[in-house]
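Peer 1: Based on the provided sequences and hints, a complete structural model is requested.
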Amino acid sequence: MAFLPYVGMALKNLFSKPATESFPAGEREYTDRYRGHIENDIEKCILCGNCQRNCPSGAIKVSKADFTWEIHPFSCVQCSKCVEVCPVKCLSMVNSFTGIPSRSPARRRQRS
Amino acid sequence: MLYLLGFIFVILGPLCGGLLSGIDRVFSARMQRRQGPPLLQPFADYVKFMKKKSYIINGLQTFLVAGHLIFIILSGWILYAGQDILLSIFSLTLSEMFLCMAAFSASAPYSNMSAQRELMQMACTEPMLLMIAIGFYLSSGSFMVTDIISQKTPAILHVPGFFLGFLVILIVELRKSPFDVSTSHHAHQEMVKGVTTDITGSLMGIIELSEWYEYFLMFSYVALYFVSSNPASIILGIVMGCVVMFLMTLVDNTFPRVRWERMLSVCWATTLVFAGGNLLLLTLLKMF
Amino acid sequence: MAVNNNAKKISVVPFGPQHPVLPEPIHLDLVLKDEKVVYALPSIGFVHRGLEKLVEKRDYEQFVLIAERTCGICSFGHGMGYVEAIEKIMNLDIPPRAKFLRTMWAELARMHNHLMWLGLQADAFGFESLFMECWRLREKVLDMLELTTGGRVIFSVNKVGGLRKDVTPEMLEQILHTIDDLEKECRVVTDTFLGDPDVLSRMKGVGVLTPGRAEELGCCGPFLRASGVKRDCRMLGYEAYGELKFEPIVSYDGDCYARCVVRIEELYQSMDLVRQCIAKMPGGDIDVKVKGNPNGEYMVRIEQPRGEALYYVKANGTRFLTRYRNRTPTYANIPGLIETIKGAELADVAMMILTIDPCISCTER
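Line by line, the protein sequences give chains A, B and C. When we follow the numbering used here, the leftmost residue of the first sequence carries the number 3, and every step to the right adds one. When we follow the numbering used here, the leftmost residue of the second sequence carries the number 19, and every step to the right adds one. When we follow the numbering used here, the leftmost residue of the third sequence carries the number 48, and every step to the right adds one.
Incorrect hints may have been included.
As the list claims (entries may be wrong) - Lysine-lysine pairs mimicking DSS-like chemistry, simulated, CA-CA at most 25 Å apart:
id, chain 1, residue 1, chain 2, residue 2
1, C, Lys389, A, Lys91
2, C, Lys104, C, Lys251
3, C, Lys231, A, Lys19
4, A, Lys46, A, Lys91
5, C, Lys104, C, Lys336
6, B, Lys170, B, Lys304
7, A, Lys91, C, Lys338
8, C, Lys336, A, Lys91
9, C, Lys336, C, Lys212
10, C, Lys251, C, Lys292
11, B, Lys71, B, Lys211
12, C, Lys187, A, Lys14
13, B, Lys211, C, Lys80
14, B, Lys211, C, Lys56
15, A, Lys14, C, Lys231
16, A, Lys19, C, Lys187
17, A, Lys63, C, Lys104
18, B, Lys211, C, Lys83
19, C, Lys80, C, Lys104
20, A, Lys91, A, Lys63
21, C, Lys389, C, Lys83
22, C, Lys338, C, Lys212
Stated by the list, open to error - Which chain C residues stay away from chain B? Per the calculated CB distances, all over 10 Å, these:
id, residue
23, Ser90
24, Glu175
25, Gly390
Keep in mind that the hints were calculated from the coordinates and are not lab data. Virtual Cβ for every residue (Gly too), placed ideally from N, Cα, C.
Peer 2: As structure tokens, then:
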């Protein structure tokens, strides 16, 4: 009977733990290299604008006059180009969740 | 006095049917190694449907969907009031016809094709449904449900073949693979959502409600095979009803969908072999 | 009465763009006569984003990231094809380690694509449990990709001149280990899928395409190989394929079942190719320095999971390219699809669309 393996599979699955994780109720483990979102160590930033020029989707806005660096997390495509071209290496790719649009419209960092 | 017992179905139907539907979804999900929705999800879905605005295609559709609901309720009411089982089955058929007509009235391509397939489905299930009534007649001597449940031995001992045939067409009635050719519970793969493609909003909520009634009605038909004059047999009936529903969920997750020609041949073959064979055996036994 | 009968029997059913079985939006107007398809009229253009025009606005180094995002599943192939074209124009010689790593990632992408396709094919039959099982196995491949590149479907590891990230030996060990476990579980799933009598009855002899007709219509990839034509671009020897041992997988029946068999065998072939890559992996650098701007034109052919893809790049010495043209496999397979749908039952149309493995985002860019 060709369907017997399926019946066995279905019954075995019924008594095993689900293979899905109930995110965000449960924890999600990211690997080290996971490209989540960009963080800027603002004290080291020299506001050169290199990251703004090289971003393919135009997600970063740097304003030398106001001393601010801003990123729109949902315009970012997580390519890490800005991390590579930064001359002082203040940008880093953090391996956690990108962000919820209603709560994080733009990440602003102000330099003192 | 007996007629008032029919209202047990009207009240218990949505509650038990919705619970059965919820349990079916959770078990289906666990069999696929998913977590599945909460148990009371069908009730939440119903509330959401009733809040939505329905895009009425034509005024006739409301009348037909209401007819579908009313005749399912009537079918179960007749059963629980202890009346004629043949009338109960005819009422069930009539409510299916109303659903087909509601789909035809939408004049949209997928609704029309699914309604044609639904008619084909009815051609598969109607013979067996009538045989069920005949089986109960043979085991208890009358069509009245009050006589059927007051026999000394439950009907399953006299007509097991009819029961097996009923299980096969139950897969078709409850719209589960392998025989869900006209519509099914998740967005169907070929016919989009089947007969209910063009039914939206609160009308869809009414269809959900009638599906729960249908679940509970089928549960009751299964339990009827096991009930006899012994009051403890009611518990047996309920347990067997639950076992059969679990079996339906298991079958749903094991088989792919078949073409309608194959469904027709399988259903007719089981009707002839199981029900016909049982009928022949009983007739021969009565002769000797 | 008799005059109107023929006209009454013909109906036109719109299939798509929103349909539960289609992974991506394509519209087919099916002309039916009594549930048999007489003709199908396709319309595409629902996800056109104008990516080829964007090449004039982003310089040639940044454009890799855009080319990669043409499609979610064939993403690595697009990046690789574009970067190869630029490297050939600029006469860059990338180190062997980069070539082997690119091959490994391309084969891993092929594996996850075929597993995804198998799940969708099972779903078109109403076989939900097999669909969930295939996608659960696909998660293991995606975990490996996340471990090495940081992304599950969009890797962002290609750059002009080589690669942006290297892999450690521990990661390679883990990949080998995962593939061994995966192969055992996949065998169970594919054997039951291919041996199931319902699946056989629905797929054998359905949608036959003869080899001559398939070549005439310009089909490519597993669609073509299932009709008996032995054509696989990996035999051209680009990247590290010249140093790996394998043969193209061909089937001679030309029906839907043959296409399933070809893709399933390719899945196992990819696992073997990844093992070969890891065994032969050389050490060394992963990139070379890039100076100046490209000037010239070049065309590259690579074997995407869905078929043969062409990449034509034209540069004129400035930072921005003049033209980038990408001919994707599904674009070439659509005429073949229309041919096989003729004469089929409506119930089989969904399944046949899935046997060509449609990727409409690639088709329309």
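Peer 1: Work down the list of hints and note, for each, if the structure agrees.
Peer 2: Do the hints match the structure? See the list:
| no. | hint | result |
| --- | --- | --- |
| 1 | C:Lys389 <-> A:Lys91 | violated (60 Å) |
| 2 | C:Lys104 <-> C:Lys251 | violated (49 Å) |
| 3 | C:Lys231 <-> A:Lys19 | holds (20 Å) |
| 4 | A:Lys46 <-> A:Lys91 | holds (8 Å) |
| 5 | C:Lys104 <-> C:Lys336 | holds (24 Å) |
| 6 | B:Lys170 <-> B:Lys304 | holds (18 Å) |
| 7 | A:Lys91 <-> C:Lys338 | holds (23 Å) |
| 8 | C:Lys336 <-> A:Lys91 | holds (20 Å) |
| 9 | C:Lys336 <-> C:Lys212 | holds (15 Å) |
| 10 | C:Lys251 <-> C:Lys292 | violated (31 Å) |
| 11 | B:Lys71 <-> B:Lys211 | holds (19 Å) |
| 12 | C:Lys187 <-> A:Lys14 | holds (20 Å) |
| 13 | B:Lys211 <-> C:Lys80 | holds (22 Å) |
| 14 | B:Lys211 <-> C:Lys56 | holds (23 Å) |
| 15 | A:Lys14 <-> C:Lys231 | holds (17 Å) |
| 16 | A:Lys19 <-> C:Lys187 | holds (17 Å) |
| 17 | A:Lys63 <-> C:Lys104 | holds (18 Å) |
| 18 | B:Lys211 <-> C:Lys83 | holds (20 Å) |
| 19 | C:Lys80 <-> C:Lys104 | violated (50 Å) |
| 20 | A:Lys91 <-> A:Lys63 | holds (17 Å) |
| 21 | C:Lys389 <-> C:Lys83 | holds (8 Å) |
| 22 | C:Lys338 <-> C:Lys212 | holds (20 Å) |
| 23 | Ser90 | holds (17 Å) |
| 24 | Glu175 | violated (6 Å) |
| 25 | Gly390 | holds (16 Å) |
Consistency with the previously given hints fails for numbers 1, 2, 10, 19, 24, ordered from lowest to highest.
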